[in-house]
Amino acid sequence: MMHSGGYARGSRIGVLEILPWLVAIAAFFLLPEYLSLGARILIFILFTLSLDLILGYAGIITLGHSVFLGLGAYTAGILSVKAGIHDPFLQLIAGAAIGAGFGAITGAVVLRTKDLTQLMLTLAIAAIMMEVGNKANWLTGGADGLPGVQVNPLFGVFEFDFIGKTGYVYCLVVLFIVWFFVRRMVYSPFGAMLTGIRENTARMHALGAPVYKRLLVVYTISAGIAGIAGVLLTQTTQSVGLNVLSFEIAGDVLVMLILGGVGRIYGAFVGPTVYLIAHDELAKQFPEYWSFGVGFLLLIVVFFARGGILGLIDKISARVRKS
Amino acid sequence: MQKAGLRSAVAAVAVAALTVGASAQTIKIGVVNTFSGPQASFGEMIDRAFRLYIKLHADQLPPGVKIEIINRDDGGANPDKARQLAQELVVRDKVDILSGITFTPNAMAIAPIATQAKIPTVLVNAGTSVVVTRSPYYVRSSFTIYQHCVPLGTWAAKTLKKTFILVSDYAPGHDCQEAYTSSYTKAGGEIVGVIRAPVATADFAPFLQRVKDAKPDAMMVFLPAGRTATAMMKGFVDLGLKSSGIKLIGTGDIVPEEELPNIGDEAIGTITMFHYSAAGDRPANKAFVAAWRKEYGDKATPNFAAAASWDGMAMIFDAIKKQNGKLNPEKTVEIMKNFKTDQSPRGTISIDPETRDIVQNEYLRETRRVGGELVNVEIETASVAVKDPWQIMQKDKK
Amino acid sequence: MQAFLSSLVSVLFHGVAYGMILYVISVGLSVTMGLMGFVNLAHGVFAMAGGLLLSTAMGRYGVPFPLALLLAFVVVAVASVVLERLLYSKLYSAGELPQVLFTMGLIFMSIAVARYLYGTQAAPLFLPDYLKGQIPLFGRDFPTFRVVLIIFSGLIVAALWFGVERTRWGAMVRAAVDNRDMAQSVGINTNRLFMLTFALGSGLAGLGGALGSDILPVQSTYPLENLVYFMIVVAVGGLGSLSGPFIAALLIGIADTATKYWLPELGAFLIYAATIAVLLWRPQGLFGVRS
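Chains as they are written, first to last, in this note's numbering: chain U, 1 to 323; chain F, 1 to 398; chain Z, 1 to 291.
If we strip away everything but chain U, and leave its shape as in the complex, we get (with noise of 0.2 Å):
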């Protein structure tokens, strides 16, 4: 099912890996009315991506994932309208460290259990961050969320406009450096370790592999990310809501790397790519009856493409090369 990739094949950097980067930039230059939806699947591959890590290198399965988007989103929007903090890059680099923080100390507990029961603390955690934002009105905004979030422009000079061209950009640039870095982890020997841990988790305690701290660490770094998918949303979108920490955005996250394909960076890419759009064109048609067509989707990629759709074209791609 999951992809072995990792390690064994090698770390250069393929043809066909420069791909997503050529269609995100002629993304920018083609479909300049999109760039706002298009800044929005550049964050939820960010997030996705980060879901990857923990899920498909590590094989911890969590529908609580939302709390460190949100912890992101809510870092950016506090600093900006309660400290007066406008900085992007401040933002960004708090909004990291706080996800990666609550992810260190989370995971302490989480990865100690399996299974369903750690899917159930990944979800009880979340919503208790999501009850403590909708309480702690004072500082969150509670259920009206925080409005007026403002941001410096870029290096001073790239102001945030409501067209999107600068979000787009500075979302497209924050997730190449951060791929850059999930890809080095997932082919050094670290990321070997992580592929082994969920291929074979007794095998990797008898070698001798410190198993739960690699998992810490790992858990730790994803968290991180998605911090930083937060703390874009809050970027681009001027305001936070409650909505961030919800458990409908921990499910999302989930069905679109499961629908692109788990284990494989790229996978994280595709689903958000398919699911966004596949959600905005048939709400824009249906706005009533939308979930009808993107439940059928899912049903479609179950049954017909089981390792997600990277999984379907690596399946056509072997057969045309036999042929």
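Subject to a maximum C-alpha distance of 25 Å in a straight line, what follows is the list of computed DSS-like cross-link-like pairs (lysine-lysine): (1) F/Lys-247 <-> Z/Lys-132; (2) F/Lys-340 <-> F/Lys-66; (3) F/Lys-398 <-> U/Lys-82; (4) F/Lys-337 <-> F/Lys-118; (5) F/Lys-326 <-> F/Lys-66; (6) F/Lys-398 <-> F/Lys-337; (7) F/Lys-118 <-> U/Lys-284; (8) U/Lys-213 <-> U/Lys-114; (9) F/Lys-398 <-> F/Lys-387; (10) U/Lys-284 <-> F/Lys-94; (11) F/Lys-28 <-> U/Lys-284; (12) F/Lys-397 <-> U/Lys-82; (13) F/Lys-186 <-> F/Lys-215; (14) F/Lys-340 <-> F/Lys-387; (15) U/Lys-165 <-> F/Lys-94; (16) F/Lys-340 <-> F/Lys-118; (17) U/Lys-284 <-> F/Lys-66; (18) F/Lys-387 <-> F/Lys-337; (19) U/Lys-165 <-> F/Lys-28; (20) F/Lys-242 <-> Z/Lys-132; (21) F/Lys-66 <-> F/Lys-94; (22) F/Lys-395 <-> U/Lys-82; (23) U/Lys-315 <-> Z/Lys-90; (24) U/Lys-165 <-> F/Lys-118; (25) F/Lys-215 <-> Z/Lys-132; (26) U/Lys-284 <-> F/Lys-55; (27) F/Lys-215 <-> F/Lys-158; (28) F/Lys-28 <-> F/Lys-337; (29) F/Lys-55 <-> F/Lys-299.
For the record, the hints were derived by calculation from the structure and aren't laboratory data.
Start from chain U and add chains F and Z according to the hints.
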């Protein structure tokens, strides 16, 4: 899905003016609305009101002018999603006017876009007072929570000396608690308890039991209209609060027209303060309700969101007519700011030019069964031409 | 003191009513997840279907309340068998991720279908007159419907336990939960067993959804909104157990009611905190057969 597909396909209602020759011009209205999720009934009411108004008044448009509605679904209180949709409506669809906007957080998130892109925006639901101050292009046709809850407190203090307050734990709920408390205690009433229930509360029995044990004269309630309020209404009777003599009072959200058949006779005797009742006997309202039923069936009844959307579209029409179909953003806002009509289903309404907020009457209503149908009978006009009390308080503070 | 005891009785009463409903809906999920290892996030769809059926049968066709309840149970059970044969059974050995994707897909589709058929409002529940009003006991009034609800759910629970503990089918289920391969190798037709158990679990969810529409209003978004609570019951109670989820459901029902009554400002904190505490203390749940 067949029927739904067809209906949605024509959701972008294009009304062609009959005159030929004049340069054809389409005015696009981008509507960010809630069509999915738990609060989807808002989307339905607002969309129906818009379409009905356009259908019945298309002939009043200047020659050659068409109106096109572009609907987008925000799925509820999702500010980031709402902002993305509004941005696309402005950049890609090049809409002239924004409208809809059911929830306060969404209105807050869209405000910078309306300001930067200079898009006149008609808010037809979001009711937190501060919203309208967020953009100079915002005009509100709906209501504010303060408009209901301040007169309610004044009225209640006359006969009901002790009130227990039950509100949803979010900004509108807090607003209502504050507004009611201020006018009620000023007039000599006493608040004997307050419960802020989580917004997602499904079962009110424990809360209601506590209210019952406190034995107040009245229970003042603010909850989001729909199944939450309906669940509370049922519990109020089931737990015997009604039979023990506690008076149920609140804003019209607990007895909206479309929920009355679901609540049943339990609703009878509820006293509410609100700006609109489908049972109001103004001729303009009777015509409105009749047109609604002709279009959407005998059982359909418009509610407050429908009335606000109807009037919101009337404002948009007014601006189009006065500019002869060529919309200039500043002029449009200027015209809307000075909007006034006595032909609203709500009676006489106007926009306060200073705040761009609605000025309207508040009616004291009692839910009764009239001719086999449950309705909110308007007993008296409790307050005429109410400006948002919150804005006035803010000014006093300064 | 008198007042406190009196309110305690109320809290227990409403807590038990809520807990009973949670149990009747969730027990099927616990058994199917324990038996088949299937992560069925779409369990709430069956409960919603039950609630909608009850409302339609009574409101539109004037079916008496008890008959409408039975109908909700039977129709949902039968429909779930069709789904199980056509779709679920294809994924028994597919692993958790496809199951998650599939059941999320089902939830999305059911939301749209329910929305199309029933509109945006909650399905109304019109109780017959004999279930309205209050019953006075120990100087307090108890809503008649909730008294009936508790008694009726209690009977269902008793019947279920008898079935699992005392019948041949129950023995087979228990054997399969303990060790599926072994059960299969001693000649138990696990395929058929799965199907029947699935139908029973879903039917109960339908019944619970119908019976509880007073406490958990039935609307198109029901399966997604209530999922978390059903999952908590199962996880805290323990997979594959009958008594575990029962205790868990009662605890959750009572704790939720007690917080609402005495500490409403706490909201849902207590429930989630307790869930975390229990899971850290006993990762396999209170009475879990396996983790």
